[in-house]
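Visitor: Sequence:
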Amino acid sequence: MADFFDALSDKHIAMIEAQPVFFVATAAQDARINLSPKGYDAFRILSPTRVAYLDLGGSGNETHAHLAADGRITVMFCNFDRPALILRIYGRGRPVLPQDKGWDALASNFTLLPGTRQIFDIAVESVQTSCGWGVPFMDYKAERPTLKKAHSQSDPGEWEAKMAKRMSSIDGLPTRATDRYIAGDNAG
Numbered sequence: 001m002a003d004f005f006d007a008l009s010d011k012h013i014a015m016i017e018a019q020p021v022f023f024v025a026t027a028a029q030d031a032r033i034n035l036s037p038k039g040y041d042a043f044r045i046l047s048p049t050r051v052a053y054l055d056l057g058g059s060g061n062e063t064h065a066h067l068a069a070d071g072r073i074t075v076m077f078c079n080f081d082r083p084a085l086i087l088r089i090y091g092r093g094r095p096v097l098p099q100d101k102g103w104d105a106l107a108s109n110f111t112l113l114p115g116t117r118q119i120f121d122i123a124v125e126s127v128q129t130s131c132g133w134g135v136p137f138m139d140y141k142a143e144r145p146t147l148k149k150a151h152s153q154s155d156p157g158e159w160e161a162k163m164a165k166r167m168s169s170i171d172g173l174p175t176r177a178t179d180r181y182i183a184g185d186n187a188g
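In the numbering used here, the protein residues as written are 1 to 188.
Possibly wrong hints are sitting among the right ones.
Stated by the list, open to error - Pairwise CB distance ranges (calculated):
#1 39 to 156: 19 to 25 Å
#2 158 to 137: 15 to 21 Å
#3 72 to 156: 30 to 36 Å
#4 172 to 139: 38 to 44 Å
#5 35 to 5: 34 to 40 Å
#6 10 to 153: 15 to 21 Å
#7 128 to 37: 17 to 23 Å
#8 161 to 134: 42 to 48 Å
#9 71 to 180: 32 to 38 Å
#10 167 to 139: 38 to 44 Å
#11 133 to 179: 44 to 50 Å
These aren't lab readings, by the way, just hints derived from the structure by calculation. C-beta atoms are modelled at their ideal positions from N, C-alpha and C, and glycine is treated no differently.
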């Protein structure tokens, strides 16, 4: 049975902080639904009604395009251990890039990683929990270092040029490119 809440509780926060992976879903009118898994230490709870996550450059920029067009976002966490639980955060998000007003304050909540492209700032509209009884037990081994390693070995000028070319989603929705390469505090 699903239960809805207006904000994150201490119990929700503890569950979220114990998860090594989360999933992000967005959509815009007449566009594909985008669903992406996220790892690393990239999610922050800023208050019971505000969360954010650090986004690294990858194969596309669908979340940015969808939030700019529509704003709706769902973040899902699954407990792969006990107790069985699925937690969804429904909200409205916005991309904050390094050149944007408010970047420094928002970025201060994170350890910036190599290839940081933007931070998604999300206003929590509701929280839903459900049983999670169909989610398998799984053991966490380790982070994959590949994405951080690839970004840390990138030439900053080439990286910025590559990001500047990614000005639209796969459905042609506009995005904005970051104006700088971020080596991150964990480069290497």
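Visitor: Of all the hints numbered above, which does this structure not satisfy? Sort the numbers upward.
Guide: 2, 5, 6, 9
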